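Make a model of the complete structure from these sequences and hints.
As you go down the protein sequences, you meet chains A and B in turn. Quick note on this note's numbering: the first sequence kicks off at 1 and runs consecutively. Quick note on this note's numbering: the second sequence kicks off at 1 and runs consecutively.
Hints were generated in silico from the structure; no laboratory data involved. Here the structure is a predicted model, which is why all the values come from computation and not from measurement. Heads up, some of the hints might be wrong.
[Unchecked claim] From the structure, some residues in chain B lie toward chain A, with a derived Cβ separation under 7 Å: (1) 373; (2) 379; (3) 405.
[Stated by the list, open to error] Subject to a maximum C-alpha distance of 25 Å in a straight line, what follows is the list of computed DMTMM-like cross-link-like pairs (lysine to aspartate or glutamate): (4) B:365 / B:270; (5) B:302 / A:100; (6) B:319 / A:149.
[As the list claims (entries may be wrong)] Some, not all, of what chain B presents toward chain A, calculated at C-beta under 10 Å: (7) 369; (8) 370; (9) 372; (10) 380; (11) 414; (12) 417; (13) 420.
We put the CB at the ideal spot given by N, CA and C, even for glycine.
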Amino acid sequence: MIEAIRSILERAGNTLYALLVNTVPALLAAVVILFVFWSLAYALQWLAGRLVRATALDKFISEAGLTSMLGPAATVPASRLVALVVFWAVFGIGCLAALDAFGMVTTSRIVDSVLLAVPKVVIALIILLIGFWLARFLGTSTLIWASNEGFPTPRRWAALVKVAVAFATVVVASDVLDFAPQVFLAAFIIAGTGLALTVSLALGLGSRQSVQAQLLADKRGETEERGVWHHL
Amino acid sequence: MAGTLLTSQAEEFVHHVQQADIVIGIPSYNNVRTIGHVVQAAQAGLAKYFPQYNSVIVNSDGGSTDGTQEAVLKTQFEERHMLLLPTPQKPANRLSFPYHGIPGKGSAFRAIFGISQELGAKACAVMDSDLRSITPEWIDLLVRPVLLHGYDFVAPLYQRHKYDGTITNSIIYPLTRTLYGKRIRQPIGGDFGLSPGVVRAYLDRNDWESDVARFGIDIWMTTVAMAGGFRVCQSYLGAKLHDAKDPSSDLTAMLTQVLGSVFSLMEEFEDAWMPVEGSEPVDLFGFRYQVGLEPIPVNLEKMLRAFGQGAQDLAEVWKQAMSGDTWREIQSLGAVALAPDASTRFHLPDELWVRVVYEFATALKRHPVERSHFLRSFTPLYLGRVASFIIETREMNGDEFEDRMEALCMTFEQSKKYLRQVWRGMQPTPAEAEMLQDNRRR
Numbered sequence: 001m002i003e004a005i006r007s008i009l010e011r012a013g014n015t016l017y018a019l020l021v022n023t024v025p026a027l028l029a030a031v032v033i034l035f036v037f038w039s040l041a042y043a044l045q046w047l048a049g050r051l052v053r054a055t056a057l058d059k060f061i062s063e064a065g066l067t068s069m070l071g072p073a074a075t076v077p078a079s080r081l082v083a084l085v086v087f088w089a090v091f092g093i094g095c096l097a098a099l100d101a102f103g104m105v106t107t108s109r110i111v112d113s114v115l116l117a118v119p120k121v122v123i124a125l126i127i128l129l130i131g132f133w134l135a136r137f138l139g140t141s142t143l144i145w146a147s148n149e150g151f152p153t154p155r156r157w158a159a160l161v162k163v164a165v166a167f168a169t170v171v172v173a174s175d176v177l178d179f180a181p182q183v184f185l186a187a188f189i190i191a192g193t194g195l196a197l198t199v200s201l202a203l204g205l206g207s208r209q210s211v212q213a214q215l216l217a218d219k220r221g222e223t224e225e226r227g228v229w230h231h232l
Numbered sequence: 001m002a003g004t005l006l007t008s009q010a011e012e013f014v015h016h017v018q019q020a021d022i023v024i025g026i027p028s029y030n031n032v033r034t035i036g037h038v039v040q041a042a043q044a045g046l047a048k049y050f051p052q053y054n055s056v057i058v059n060s061d062g063g064s065t066d067g068t069q070e071a072v073l074k075t076q077f078e079e080r081h082m083l084l085l086p087t088p089q090k091p092a093n094r095l096s097f098p099y100h101g102i103p104g105k106g107s108a109f110r111a112i113f114g115i116s117q118e119l120g121a122k123a124c125a126v127m128d129s130d131l132r133s134i135t136p137e138w139i140d141l142l143v144r145p146v147l148l149h150g151y152d153f154v155a156p157l158y159q160r161h162k163y164d165g166t167i168t169n170s171i172i173y174p175l176t177r178t179l180y181g182k183r184i185r186q187p188i189g190g191d192f193g194l195s196p197g198v199v200r201a202y203l204d205r206n207d208w209e210s211d212v213a214r215f216g217i218d219i220w221m222t223t224v225a226m227a228g229g230f231r232v233c234q235s236y237l238g239a240k241l242h243d244a245k246d247p248s249s250d251l252t253a254m255l256t257q258v259l260g261s262v263f264s265l266m267e268e269f270e271d272a273w274m275p276v277e278g279s280e281p282v283d284l285f286g287f288r289y290q291v292g293l294e295p296i297p298v299n300l301e302k303m304l305r306a307f308g309q310g311a312q313d314l315a316e317v318w319k320q321a322m323s324g325d326t327w328r329e330i331q332s333l334g335a336v337a338l339a340p341d342a343s344t345r346f347h348l349p350d351e352l353w354v355r356v357v358y359e360f361a362t363a364l365k366r367h368p369v370e371r372s373h374f375l376r377s378f379t380p381l382y383l384g385r386v387a388s389f390i391i392e393t394r395e396m397n398g399d400e401f402e403d404r405m406e407a408l409c410m411t412f413e414q415s416k417k418y419l420r421q422v423w424r425g426m427q428p429t430p431a432e433a434e435m436l437q438d439n440r441r442r
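This is how it looks when you write it as structure tokens:
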């Protein structure tokens, strides 16, 4: 009985020992790798921030109007953004290297798949950046146009345009990433068709008389409009 | 160079006529009702005042479908005896042709200038085709200073109703006077006299495809002449009566094109206007007389509503273009504009208005991507200022109104130091101030 227990404990001890012998060095190596890459990332972040500030890129980007790509977040200077990107890029590589230190098939597969996905992720990020900038730009254009034309609730029109463009951007980005593309595409088609149908029904059934009244008012308003404008 | 701008019809005409001393240019688009009168006045003016010179009348048309071109060619001045000319005069050559390029007054002028240069004209005058008050004397007053007195650019001076030409009164006159130091009262008048030198300067420029091609042409011509150091003067032409603008046309676009041209030219001619202090009158020709003026109807409530609504809807856009103080003052005025007693209480002070104009001009320079947004969002601000000016000057006669205009111009001139500061980036926008603080913290 005692012999059997001792044998089990020995087996367990051997297994634990083997696990420690196999894992601890890899774990220590991973920690060291993480620390080295974190230090490197931090140093490069500081350096990149300084470099961008020294080359007056903040001012250049602001003057070129590129900060508007980020909307209200434009108060975050370009130097800070570049520094953050550098930090996470370097630290991300460190994380992958740390995972690889375990030398397991699964971790190797994860590392490989992440590395393979990098170009797609970069492209998707660029698409999102441009798309969100376009959404903001077109939203503001709609807001100004609707306000100048005296439309009711211009902010809602602007928000609608922004959401539509942003949604289309997400659909394209998801397609690039192969991330549930069918779901996003279907949602996009359903939303678009639904919107078109709603507008058609609203105009055809509910708002026909309102539209007619608006057109008549516009015609009458031509005389009124002269009072606002013809003294230019 | 001009050859490439002209249609084959225009080139054939140039080849046939070969040389002219005076070119009268008339841009048009569907102006059949009025252009005949303008052509007759030009013919009479040339016959009466410049009978010894070879003259040409050129109509540069934007594709009219109402018979404008035919009207130009068919119009005859039948009542020569009324001019009391000692001898019969040979009528001026006439050409009417459709121009090439972006549709607009600027493209029409470009073709006219091309013909003027090709014909070696000693003087060129351009005038609008919708004029109802033009007389033969206008030709004399626009051409003579160039032809016989060595001036390069003759601007018109009209007597106008106080509510006529509000964009000129609110922005264009005070701003160009402050920038370039010359008191040209109607910088976008539309009727000008030009020397061959200034015509060449226009044709040599490469910005014809911009806003200049449309409504920005008048201020562009005046600015290039002033900033280029050409000799400028004014001629008093009396009243300017012309067709009301088509209400269906996009008038916001007209405002933004004029403003876009002014602000773009500020960037180009920075070296010319930066050192200018104060302003000086320019030589004035023509006999001044009083004329009865058509009253101009204005819709005060709608202007105030547009301003108040704009302050609510466009606050975020304006915040990017204005300094914090200016933005807050405008926002509080927006609430006043929507109050029931706004038509008596609303007042947008000169000093605040000047800051708005200067800060928008600077914002356009600093944020080229947002340029179209800033320009289009300016419309409610402009309407607010016009409304305020109308409320303030309601009881004023013409002379009192001109005194009030002079006070506004002085405010523009006295604030030029502020313009220099914001233009050179010494006064950051709220967003930039926040960014700077953030940088400092780090």
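The hints, checked one at a time:
no., hint, result
1, 373, "holds (5 Å)"
2, 379, "holds (5 Å)"
3, 405, "violated (15 Å)"
4, B:365 / B:270, "holds (11 Å)"
5, B:302 / A:100, "violated (70 Å)"
6, B:319 / A:149, "holds (21 Å)"
7, 369, "holds (3 Å)"
8, 370, "holds (6 Å)"
9, 372, "holds (7 Å)"
10, 380, "holds (7 Å)"
11, 414, "violated (27 Å)"
12, 417, "violated (23 Å)"
13, 420, "violated (18 Å)"
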